[in-house]
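Protein chains in written order, with the working numbering: chain A, 1 to 204; chain B, 1 to 421; chain C, 1 to 270; chain D, 1 to 772.
Be a bit skeptical, because a hint or two may be false.
Computed Cβ-Cβ distance ranges for the label pairs, DEER-style [stated by the list, open to error]: (1) Phe8(D) x Ser16(B): 20 to 28 Å; (2) Asn211(C) x Thr304(B): 36 to 44 Å; (3) Asp53(C) x Pro178(D): 47 to 55 Å; (4) Glu553(D) x Lys103(A): 39 to 47 Å; (5) Arg244(C) x Gln80(A): 51 to 59 Å; (6) Ser184(C) x Phe125(A): 50 to 58 Å; (7) Lys144(C) x Ser90(A): 37 to 45 Å; (8) Ser184(C) x Thr36(A): 30 to 38 Å.
Which chain A residues stay away from chain D? Per the calculated CB distances, all over 12 Å, these [unchecked claim]: (9) Lys42; (10) Ser58; (11) Asp59; (12) Ala139; (13) Pro178; (14) His179; (15) Glu192.
Honestly, the hints are just simulated from the structure, not real lab data.
Small disclaimer: the values here were computed from a predicted structure and weren't measured.
We treat Cβ as the ideally placed atom computed from N, Cα and C, and that holds for glycine.
Each chain, letter by letter, is given below.
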Amino acid sequence: MSSHQQGKKQRSRADWILLFVGLVVGSAFGFWLTPTILYAEKAQPLQFNHKLHLEQVSDGCQSCHFLREDGSFNGIPSIQSCQECHEADSPMGEGANEAAFLKYVEANQPIPWLVYARQPDCVFFSHAAHTANAGFECAQCHGDHGETTKLRPYEYNRITGYSRDIWGKGPIGLSGPPHRMKMDDCAKCHSENGVNRACFVCHK
Amino acid sequence: MRRWFDDLPKYADDSSWHPKGVKRCRPEIFLLWLGLPLTLLAYFTVGAVLCLALGLNQTNMNDYFAFGVWIVVDLAVIALGAGAFFTSFLNYIVGKTELKPIVNAAVLIGFICYVGAILMLGIDIGQPIRGWFGFWHANVHSMLTEVMFCITTYAIVLTIELLPTVLDNKRISRVPEFGTMSHNLHTIMIVFAAAGTFLSFFHQGSLGGMFGVLYARPFAARGGLGIWPWTFFLFIWSAIAAGPSFTTMIVMITEKVSGRKLTTHNVKMLMGKISGYLLVSYMLVKSADTAWWVWVKLPSMGLTMDDMYHNPYGYWLMWFELGLFGWLPALMLLQEKVRESYGWLFLAMLMTCTGVALNRFIFTIQSLALPVLPFEKFYSYLPSWQEWGIASLVLGFGLLVYMLAYRYLPVFPQEPELNDK
Amino acid sequence: MVIDLDKCTGCGACSVACMSENNVGVLHDETDKIRSITWLRVYQIDNGKSFPDTEVAFIPRPCMHCQGGKAGTPGQAFFQEDPLLDSEAHPPCVSVCPATATDYDEETGIVSQIPTRCIGCRYCVAACPYHARYFNWYDVPWPKGTPRALSPFVSPRMRGVVEKCTFCYQRYQRARNKALVDGSEVGEMDYQTACTEACPSGAITFGQLQNPEHKVHKLISSEHTFRLLEKLHTDPKVYYMSKREWVRKMADNYVTRHKKLAQAAAGGGH
Amino acid sequence: MQWDRRAFIKLAVGGVLGVHASPLVWKLMDDSTIWTQNWSWVPVPEDGEVAFANTVSPQTGNAVQTRLVLGRVDGTRAIRVEGNPDHPLGKGGVVPEDSSALQLLYNDDIRVKTPLMRDKATGRIVPLSWPEALDLLSGNLAELVKKGKPEGIMALGHDPDSTTSQLLMSLMAALGSPNVAFTPDARETLALAGLATMGQTDLGFDLANADFVVSFGTPLLENFGNPVATRKAFASWRAYPKNSGYLAQIEPRASVTASQADLWLACNPGTEGALAMAMCAIMIQEGLYDQQAVGAAFGFEDEGDFPGFKSYVLKNYPREQVAAMAGVPLSKLLKLTLDFAKAKRAVAVCGPGPSGGPGRMYDFMAVLALNALKGNIGKPGGVLVQGELPLKPLGEASLATKVPPLVNPALGLDQNNPHAMAEAALTGKPYGINTLLLVGGNFMYNGPSAGTMQKLARQTPFVVAITPFLDESAAVADLVLPSTHWLEGWGDSVSPFGSPVASYGLHLPLIKAVPEAKDAGEILLSVAARLGGKPAKALPYKNVEEALAVRSEALGDFEKLAEQSYWVQEKPNYGAIQFNTPSGKFEFFSLGLFKLLSGRAGNPTALAQMVAGMGVSGGLEAAFLPHWEPPAAADDLGTGMPLLLQAVPSLRTTWGGDAITPYMVKVLPDTMLADKDKLVVEMNPATAHELHLYEGDMVRVDSTAGSLIAKVHLFEGASPGMVFAPVGLGHQAFGFQVADKGMNFNNAAKVTSDPMSGLPIWELTAVSVEKV
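Here chain A stands alone, though its shape is the one from the complex:
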């Protein structure tokens, strides 16, 4: 074997290491960049203490987020329903939040909450079917949201505008509810429980 050939072989091996190094660096870069480049944060218009409110109301989550008579779901309560407890002229406490809230009350403007669990428009989700019928607890999909004392920042996808809660926290998105709410998660549960998986069951 001539030295020329040997040199070539060594060279070749070193090159393959380079390829591997590139692979590792590129992959690490990709994992790091994915959330940074895709997601942005927005603060909620004002803070809200779910835990505190839950202690005050009589009917748990359903006090504000309830099924209406026609079976549709009252997601975010209107500012009028807030006023059933909060009165415009007598602030509850001194906090800046209460003041900010009362500003909306005075203007009779809806609070522009950013909804973590908002599904895209093409999705039909029936709370009635999952709670009244299947007996789900809120936490099964929404996690400990009702126990939190403050609202975490709302993360959304820059391209699609979706809440990050839909895709989930992890970089690959392999979790399931309550950490992720993708179609696959719905479909998985539907098949496991023998629920109809036809398209129209969940799409409109």
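The hints should help you fit chains B, C and D onto chain A, whose structure is shown.
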């Protein structure tokens, strides 16, 4: 003082890249030639930008002509590109090594046809960005899914099959890794030929099946005779009949344009013979299918042949497809005399290709043109200039790749020896 | 669904009600009928006779929600005699979709279409002999302010996808929600399509074809009942009724049909 | 290791592969796909609680409900207009016009958002505040009154029975101008014919209970009365396995009604009335009439100087002659008459013509006479008198409306014919007009002669349009005042044409698309208040709601009424009818009419002159009897105008009032609008052949009033010698979805006055057709 352009001729001198033992035209002449495909590609680009930015309303397609010239061209080039898999099949698997001199060309033409078709399909769908749904959320029952999978994988196979030819380029092959790779590829080419045959066989069939399964569109639905959909086999059959013709035809055109002999006439005659026998058998089956359709299938749907042919899509289409461009070239190709004559062989092959392209046109456009509801209106369709622009992609892209390949790659192994003097 | 053509006056109320229920857009040129989206199109037919024996009639055509030729999958069908052997549902349009953007719901028998899944290949459009499937050639130019009238129960479509009649599935969903809360079942009158409700003649009846307690079940056994293109074995779920023989004859192709009749019905032809 | 090109390439390739091994590329691909599913330019409607609210469409008289979404952020929106299933007549049915009303309501581009004024000097449109606008209008009116020229004010309104129109009449009366007219309506003709024969104005046809219906040229199944109720009645005849009702249609075109009818008697244009007379003649000759009912009537037999109906009919309408003249086979006519006479509950129906015009009074009288011969008056399935609608009159308006006046131009300018009024004003005889008040009805489009109305507007110094839309009337106005759409504001409507029972409908503010818009009635009230004095006294209401509450007092609690939004007479009036005629009987010979006219004329010679001046061709002998007047358009035939133009009605288009909606345009068949928005006219193939015209040819249809450019469609069902054009297309306003779709039928329609009633009619127009 050297001017910046004084060195240009040196840089432009690409003769070291040319295949061994052949002569190619001067770079500036070649550049001029390149103008033709580049113009076509520019036309394509205008159409593509319009269609992607403004939507498919830029075409003249509509809800009645859901498919238009793009699908026709797609189907036609894929059928004509079948020369690649069938010649490879004969060469590598059946062992008809007489075809070796033309296999590279067949693969190259196949590659052009398939890649061109895929690019065009990308614009044909209303939501190109969602195109991958066809793979990710594939509906395994759909003929189109099969087509998508097979075309894409076969395009990859074709790329691999083409790779040795690329690597055999005089300069590239100097790189030792590439040289080894090329050699290794050559030895395992039979595997790819087999894979290609399998894939191509199925998607040619699926393309036919695409129409055959439209059981509620009386023109397209061909059944009976124990097998459904019949079009599955008809499309394979016609594709393998026309493919060799098309490959040979392109080689002959290249010979005329370059003024150089590229393969021996024996090879062409053999290709013609293969085409001819296949075409005759195809025409027999096709005629049987048509007869069954006319006398059994259509009446069962309450229709007669008269319902199927309205001007401008009149009976003439049928006579052209089955007669002038069907039986006639089939019988011509069977004649030794015809095959011996360069001109007659070319003509017969041209007619064969025309017939198969016409068949694809008829299945796409006429299937859709015929109103099925008795109270529906009859419409006809002419593509818009934007559509032609996109359709010209195949030609532009094809010419470009083919010209580059001809100039730089050893596509025709017989060329040096045939042009020795 | 059963549509009594002898009661239909071709007023277009069903079609308009459908469009307002389902957020269908209006384009600049709606005379381009082969690009205009009308989930429920009202066809006008005539008997082809000359004055004064001419008669016209109307055929409202929603999606037929075909059960199909029971052919199973085309894959299985390769080596079958014909598309009628298997027992599975096989609408002409569903099996062809490469991206699973449409399916046949065995529970309701409704053929769905999910525009956000659709890649816009239009193969289903080509497959449907009723022209019930529509491609969005354009983005809908909603005039300023008019999106306020859009229903939140149906998602507006983007260009480049296919859409069609869904038998107002959103109404079924709402009815089902209510039934779940009430602990009851979805009754016949709880789920009615927008066109059924709107028809001023009451020509449309909607319900479960197999449910003996529903009106449609009885209607489809009438000798005056027929379907469109039955010979193609699409097995539609939309039935029509008419006491007029020429109207019934117009629903399918007949080898013996006088050619002129068909052409005249196609609006004079071209 | 050497850092050279190859090493770098390997590193780069590794990097690229590495990136692909991370989720970055795939997630980007997925997200860009999700982006296509959520394009920012595709609207996302806000979800919310659903509520329903009732109202009654004043356009069609149909009870509807709006489906409202109470959005948390976007507020309350109406997403649908549906039929009201509780309404006894509509039963949940709806017509296209109502169910697509939101498309116009919510279209910001076509709504009037603030008062607008045309700057006289520059011609520019400038926005005004409400006080400025009201001051401008009341100032103009006050000045004319002050000058002693109140008659220089002309007002045109829609539906004289509505509260808005009642307020308009009160205002005009208080100002001292007699020049008020309303969109012509067949209700007036039926009221006049009813008054002349029965002394009753509110007649109806009990279609739902009839088993045999013969319709004289009226588009029963296209647009008749409350179109939903009419269709419900029709549908009830189509029972299985056998029809329970028989429908015969007499008209020259294979219309929807003609096609769905059990018998279509294809007649020559304008001869429907003659056929009614011939049917009377046959019934009398064959002795098939109801002896008892006819015995109790007045004017059947000759009576003193008055010729009796019997001898007049037998003499003037022999069956063979009429059949030949009308172009119908005698056998068919005879069979129809015999079947009609023998049927248990048969009724003959008259109504608006295909163009939506008010119809011909003598034709209506002939049809009522036919019903009288059948003896079905007051009986189930016959001609009924509606129960009285217990509405309280709003001031002086009562005088103007309770008894519709005869409006023949021969009787002077005090009339209800907007066309004749406009023509008189145009000639300046007896005087010109200074201020034109347009209160709904879009007269600049609806005409009935759009050209005449536009000429009037151009000639009038001050034109005011009170309208929700930037419509054709707003386009000619000097002052445009935004009024509410019927889903936004208060208003009402009364029983539609031919309804067997009386009904009342309220419409009320359910949603607000244009915050600045005011109810048309409220605008009038504000003007009256500003004017002070007599007008303020005549219109003392705070707002329209109050006026409505006062008017509908007798219908019970107003809030409840508003919630339900409609009131319908519970049971039809079956049984003996009180004939408020001079004879106290059904009058074949109208004694009432005779007394009215001879009272005005003074002596028989003057009476004969007066009758001739009213356009009655049969002379004194015929003037007070039901009879047939040849259509005026027939006189124009032959003068280079060889064909007759008639309208094609459809619920997919409209008959005036509100414009056609985008969805209605969308569902137009290509036999009405085709090939990039071209109007389509129908012709019989034989007629077209004579004129060397083929399917799809573009033609100009010319009348003396104007022309239409259209595409020819050959239709076997069209009577030879005629051209049929859709009505309701060709708007110049209402946005890109509606504007410039086809051409306006009312551009070409020639308007004449109906003999005796003096109402405008435009059913037939002589035209020439030329290829362009």
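**Prompt:** Honestly, do Asn211(C) and Thr304(B) meet the 36 to 44 Å range at C-beta?
**Reply:** For Thr304(B) against Asn211(C), whose Cβ atoms are near 40 Å apart, the range 36 to 44 Å holds.
Cβ-Cβ distance between Arg244(C) and Gln80(A): within 51 to 59 Å?
Roughly 57 Å apart at Cβ, these two residues keep to the hinted range, so it holds.
*asked:* Please check whether the beta-carbon of His179(A) is more than 12 Å away from every beta-carbon in chain D.
replied: For His179(A), whose nearest Cβ neighbour in chain D is about 16 Å away, the distance exceeds 12 Å, so it holds.
**Prompt:** In terms of Cβ atoms, is chain D entirely out of 12 Å range of Ser58(A)?
**Reply:** holds, 22 Å
Exercise for the section: Classify the label on Lys42(A) as holds or violated, using whether its beta-carbon is more than 12 Å from each beta-carbon of chain D. Expected result: Given that every Cβ of chain D is farther than 12 Å from that of Lys42(A), nearest at about 16 Å, it holds.
* **Ala139(A) non-interfacial with respect to chain D [C-beta, more than 12 Å]** => holds, 23 Å
With respect to the beta-carbon atoms only, verify the hint that Asp53(C) and Pro178(D) lie 47 to 55 Å apart. holds, 52 Å
| task | Take a quick look at Asp59(A) and tell me if its Cβ sits farther than 12 Å from every Cβ on chain D, holds or violated. | result | holds, 18 Å
Confirm or reject: Glu192(A) is not an interface residue toward chain D, with every Cβ-Cβ distance exceeding 12 Å. Glu192(A) clear of chain D: closest Cβ-Cβ about 24 Å, beyond 12 Å.
Between the beta carbons of Lys144(C) and Ser90(A), is the distance compatible with 37 to 45 Å?
Because 42 Å falls inside the window, the suggested range holds.
#### Entry: C-beta pair Glu553(D), Lys103(A): status relative to the range 39 to 47 Å that was hinted
Since the Cβ atoms of Glu553(D) and Lys103(A) sit about 46 Å apart, the hinted range of 39 to 47 Å holds.
- Task: Using the beta carbons of Ser184(C) and Phe125(A), state whether their distance is inside 50 to 58 Å or not.
- Result: violated, 21 Å
In summary, the structure is inconsistent with hints 6 and 8 from the numbered list given earlier, while agreeing with the others.
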